[in-house]
Amino acid sequence: TGAYADCNNISKVTIPDGFDAIPDRLFDGCTSLSEVVLPSDETTTNSKISSIGEAAFRKTAITTFEVPFNTVSIKKEAFSLCPNLTSISVYNNLNGTFKNSYVVDEESQIGSWVKSEGTYQGLVKIEEKVFCDSANFKAIVLVDENKNKLSNENEVRVPLTLVSFGGVNNDSNLFTGTN
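The sequence shown maps to residues 97 to 275 in the working numbering.
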């Protein structure tokens, strides 16, 4: 289980700087969790979080979520069984901004964040059952690098970078149980 799984007294969390991924099941079953605050850089092209883990926010009370710009994958059931979730915001990389990667120099063994040429920021994969049984979920809202909305709040739009949406089969259940 995740570090804070089933902690029902948590209503707000602040993810600290330095995370490069949100781990599997981190807040799974935290039924009172209604607010997730990310470092301010995470909704800019300086973002570092590259994935949202399996069932990371399953069974929480969050209503909206801003997917970090550097995130390339949302793993299965990440937002399933979230009765209050209405939308997520996703960066639509229209300018070809490269992904941030942590690279360690072999000689000095010192690491630093650099832009990875050839790999772009933006969501590439949304796995199966991500929004399953989140009854009020209505929208994937696209935003640009200045956080301007590029789509309506009552529709599912996918970013240009998306390659895989709900897996490879017809039983992905991506939106099963949603509005």
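These aren't lab readings, by the way, just hints derived from the structure by calculation. Incorrect hints may appear among the rest.
[To be verified] With a straight-line Cα cutoff of 30 Å, these simulated DSS-like cross-link-like pairs (lysine-lysine) come out:
1. Lys-243 x Lys-171
2. Lys-221 x Lys-211
3. Lys-171 x Lys-221
4. Lys-221 x Lys-245
5. Lys-108 x Lys-243
6. Lys-171 x Lys-234
7. Lys-108 x Lys-245
8. Lys-245 x Lys-234
9. Lys-108 x Lys-234
10. Lys-211 x Lys-171
11. Lys-243 x Lys-221
12. Lys-108 x Lys-221
13. Lys-108 x Lys-171
14. Lys-211 x Lys-245
15. Lys-234 x Lys-221
16. Lys-234 x Lys-211
17. Lys-245 x Lys-171
A quick look at each hint next to the structure:
Taking the CA atoms of Lys-243 and Lys-171, the gap is about 23 Å. The hint holds against a cut of 30 Å. For the suggested pair Lys-221 and Lys-211, the alpha carbons sit about 20 Å apart, so the restraint of at most 30 Å is met. With a C-alpha separation of about 8 Å, the suggested pair Lys-171 and Lys-221 falls inside the 30 Å cut-off, and the hint holds. Only pairs whose Cα atoms come within 30 Å are accepted, and Lys-221 paired with Lys-245 is accepted, the gap being roughly 21 Å.
At roughly 23 Å between alpha-carbon atoms, Lys-108 and Lys-243 fall within 30 Å of each other, so this suggested pair holds. Of the pairs offered as hints, the one joining Lys-171 and Lys-234 holds, with about 19 Å between alpha carbons and a cut-off of 30 Å not exceeded. Restraint check: the Cα-Cα separation between Lys-108 and Lys-245 comes to about 25 Å, which is no more than 30 Å; the hinted pair holds. Restraint check: the Cα-Cα separation between Lys-245 and Lys-234 comes to about 15 Å, which is no more than 30 Å; the hinted pair holds.
A distance of roughly 23 Å separates the Cα atoms of Lys-108 and Lys-234; the hinted pair therefore holds under the 30 Å criterion. Restraint check: the Cα-Cα separation between Lys-211 and Lys-171 comes to about 23 Å, which is no more than 30 Å; the hinted pair holds. Of the supplied pair hints, the one linking Lys-243 and Lys-221 holds, its CA atoms being roughly 21 Å apart against a limit of 30 Å. For a cut-off of 30 Å, the pair hint linking Lys-108 to Lys-221 stands: about 27 Å separates their Cα positions.
Between Lys-108 and Lys-171 the alpha-carbon distance is near 22 Å, which keeps this suggested pair within the 30 Å criterion. About 25 Å separates the Cα atoms of Lys-211 and Lys-245, which keeps this hinted pair within 30 Å; it holds. For the proposed pair Lys-234 and Lys-221, the alpha carbon gap of about 19 Å is at most 30 Å, so the pair holds. Between the alpha carbons of Lys-234 and Lys-211 the distance comes to roughly 33 Å, so the proposed pair goes past 30 Å and is violated.
Restraint check for Lys-245 and Lys-171: the C-alpha separation of about 24 Å stays at or below 30 Å, so the hint holds.
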